[in-house]
Amino acid sequence: MEKGKRTCEVLKAVRLEIAKANDIKYEPRECHHEGPCAGTCPACEAEVKYLEQQLQVRRMLGRAVMLTGIAVGLTSLTACGQNKLPNGCENDTTITEPELAGDVEDVDGMMEMPEPEVEEAVRGKMPAPVDTIRPINNDEKVLTGVVEYQPQFPGGIKACEQFIKENLRYPDTESDVQGRVIVSFMVERDGSLSNIKVVRGLDPAFDEEALRVVKMMPKWSPGATDGKISVMRYTIPIIFKKE
Amino acid sequence: MSNAPLIGICRHRLTVDGAGVTTLVAFHGCPLRCRYCLNPQCLDAEKVWREMSAEEIMDELQRDDLYFRATGGGVCFGGGEPLLRSEMIQEVCQLMPEEWSVTIESSLNVPLRYVEAVAPFVRQWIIDVKDMNPDIYHRYTSIDNYRVRENLQWLSTHVNVEKVLLRLPLIPHYNTPNDVSASRQILENMGFLHFDEFEYRVKA
Chain A
1 MEKGKRTCEV LKAVRLEIAK ANDIKYEPRE CHHEGPCAGT CPACEAEVKY LEQQLQVRRM
61 LGRAVMLTGI AVGLTSLTAC GQNKLPNGCE NDTTITEPEL AGDVEDVDGM MEMPEPEVEE
121 AVRGKMPAPV DTIRPINNDE KVLTGVVEYQ PQFPGGIKAC EQFIKENLRY PDTESDVQGR
181 VIVSFMVERD GSLSNIKVVR GLDPAFDEEA LRVVKMMPKW SPGATDGKIS VMRYTIPIIF
241 KKE
Chain B
1 MSNAPLIGIC RHRLTVDGAG VTTLVAFHGC PLRCRYCLNP QCLDAEKVWR EMSAEEIMDE
61 LQRDDLYFRA TGGGVCFGGG EPLLRSEMIQ EVCQLMPEEW SVTIESSLNV PLRYVEAVAP
121 FVRQWIIDVK DMNPDIYHRY TSIDNYRVRE NLQWLSTHVN VEKVLLRLPL IPHYNTPNDV
181 SASRQILENM GFLHFDEFEY RVKA
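For the record, the sequence lines run as chains A and B. Under our numbering, the first residue of the first sequence carries the number 1, and numbering increases by one thereafter. Under our numbering, the first residue of the second sequence carries the number 1, and numbering increases by one thereafter.
Any given hint could turn out to be false.
As the list claims (entries may be wrong) - A short list of chain A residues far from chain B (calculated; beta carbon distances all over 12 Å):
(1) Glu52
(2) Val57
(3) Met60
To be verified - Taking beta-carbon pairs under 10 Å as the criterion, some of the chain A residues facing chain B (in silico):
(4) Thr7
(5) Cys8
(6) Val10
(7) His32
(8) Leu51
(9) Ala64
(10) Leu67
(11) Gly69
(12) Ala71
(13) Val72
(14) Leu74
Everything labelled a hint here was simulated from the structure, so no lab data went into it. Using N, Cα and C, we set each Cβ at its ideal position, and we do this for glycine too.
This is chain A alone, in the form it adopts within the complex (with noise of 0.2 Å):
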């Protein structure tokens, strides 16, 4: 199997295990994305998000998470012949499978050896510096879990709540005005919102208040729909109260 794809299928091991220790309907669809895979992609990265999501929630929830350590066998004994580590397999050999062995594979097209030529079998060696760091499968027909993942402002709901507690100000009026301004607005693919307005006002200067501040909100972390990234549109409140 390429490289790639056994990194994806250890990774997604790695996730139903999350999901099975706390309980999280997770069912990811087989991949069929054919040619060259880079472990991740897009669609691995929204069930990630996902998964993180439904943690935040048991937490909110005051429930147990479980967590560390629980897929520690996992990646051990599918990496097996290539940890030379004290904790892990054989200690001794030369590495006679490249492509488990450091990325020995990647040295072709990237390096400008003297001679005599030398694939070193040095696990430190780094493939492909700049497409690695972020998940170069853009493909949006891979297909994924069944579930419908929502967006998400960067740290969760908590961290939502605070952000709005920090920024936002009464307006200065003589009205004794309190209660909630709904906002919507779409949560684009890159995560910045757009089309942000208000769909029930309380009075013209707090509507402009809850405006200013959503559009001072980070970008979000896109929504997902049947393993693709996509557009949603999402709605907060924005709640105005007199100290």
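Start from chain A and add chain B according to the hints.
Only chain B this time, still in chain A's reference frame:
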């Protein structure tokens, strides 16, 4: 704290440089000039990939928090020579969750204070010893290995040797199996237990 130059960040490495799922943070710059350097871009000033702050590095690492925690993985600092950026490593380590494991992949050919600075954070040391023979080392890397020897001595007395893996390559045209054995003997006498012996493979 200023930014540090990097040659790349590589995610989702499976136990190749530390337990579990790891992210390799590879710094630019190295004091060695190895004949068969695996990442020569770390020596070329024009091949800096990005300069990043500790917070920016953390942002990249944070993306795999779930995988790190679930598999006992974390971050591996490599390069280049990561210990030349020990202050940056310290800063990142202070920002990260304690559950993440930290691996350093180094030649140890740096002043001792750089080693001391990061030692409290490190769960796994992977040391590219090359060869303990000073002549062989100098021929292969163009510099002396007295610092490597001193730093290994320090590690053997200040760090649990179970955390240390020493790489002893058979380097074509530079050392022999007997040299590798001699290096291993010296290191075993220092108290080290774990070795990775392998051979640089010559392309046809």
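So, going through the hints one by one against the coordinates:
1. Glu52: Contrary to the label, Glu52/A does not stay out of reach of chain B, its closest Cβ about 6 Å off (not over 12 Å).
2. Val57: Holds, because the least Cβ-Cβ distance between Val57/A and chain B comes to about 15 Å, which exceeds 12 Å.
3. Met60: About 17 Å separates Met60/A from the closest Cβ of chain B, which puts it past 12 Å; holds.
4. Thr7: holds, 5 Å
5. Cys8: holds, 9 Å
6. Val10: holds, 6 Å
7. His32: With a minimum Cβ separation of about 20 Å from chain B (threshold 10 Å), the hint on His32/A is violated.
8. Leu51: holds, 6 Å
9. Ala64: It is violated, given that the least Cβ distance between Ala64/A and chain B is near 14 Å, above 10 Å.
10. Leu67: holds, 5 Å
11. Gly69: Holds - the Cβ of Gly69/A comes within 10 Å of chain B, reaching about 5 Å at its closest.
12. Ala71: holds, 4 Å
13. Val72: The hint holds - Val72/A has a Cβ within 10 Å of chain B, the shortest such distance being about 5 Å.
14. Leu74: With a minimum Cβ separation of about 7 Å from chain B (threshold 10 Å), the hint on Leu74/A holds.
Violated hints, listed in ascending order, are 1, 7, 9; each of the other numbered hints is respected by the structure.
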